[in-house]
Amino acid sequence: MSKYAPHELGSRSGSAPPQQTHMDIERINAIGTTLADLTARTDALRGYL
Numbered sequence: 001m002s003k004y005a006p007h008e009l010g011s012r013s014g015s016a017p018p019q020q021t022h023m024d025i026e027r028i029n030a031i032g033t034t035l036a037d038l039t040a041r042t043d044a045l046r047g048y049l
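Residue numbers (the working numbering): 1 to 49.
In short, the hints are calculated from the structure, not lab data.
Some hints here could point you the wrong way.
[Unchecked claim] Beta-carbon label-pair distances, calculated as ranges: (1) R41 with T21: 41 to 49 Å; (2) H22 with D43: 28 to 36 Å; (3) Q19 with Y48: 37 to 45 Å; (4) E26 with R46: 25 to 33 Å.
For each residue, glycine too, the CB sits at the ideal point set by N, CA and C.
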């Protein structure tokens with residue numbers, strides 16, 4: 001049994017304001033871009049080393 005109430009589990013079933021959802025999308029996109037950049041840098045370093 002979870003110690004958190006269902007509304008505290010991060011469900012986005014229509015409960016988040018549209019602005020908050022938009023900010024989440026932007027944050028997720030930024031994280032994805034950063035991960036892609038780090039992956040490319042890692043591959044370049046592996047080739048160098």
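Going through the hints against the structure:
1. R41 with T21: 41 to 49 Å: 31 Å, violated
2. H22 with D43: 28 to 36 Å: Roughly 32 Å apart at Cβ, these two residues keep to the hinted range, so it holds.
3. Q19 with Y48: 37 to 45 Å: Given a distance of about 43 Å, which is inside 37 to 45 Å, the answer is holds.
4. E26 with R46: 25 to 33 Å: Given range 25 to 33 Å: holds, Cβ gap about 31 Å.
Hint compliance for this structure: hint 1 is the single one not met.
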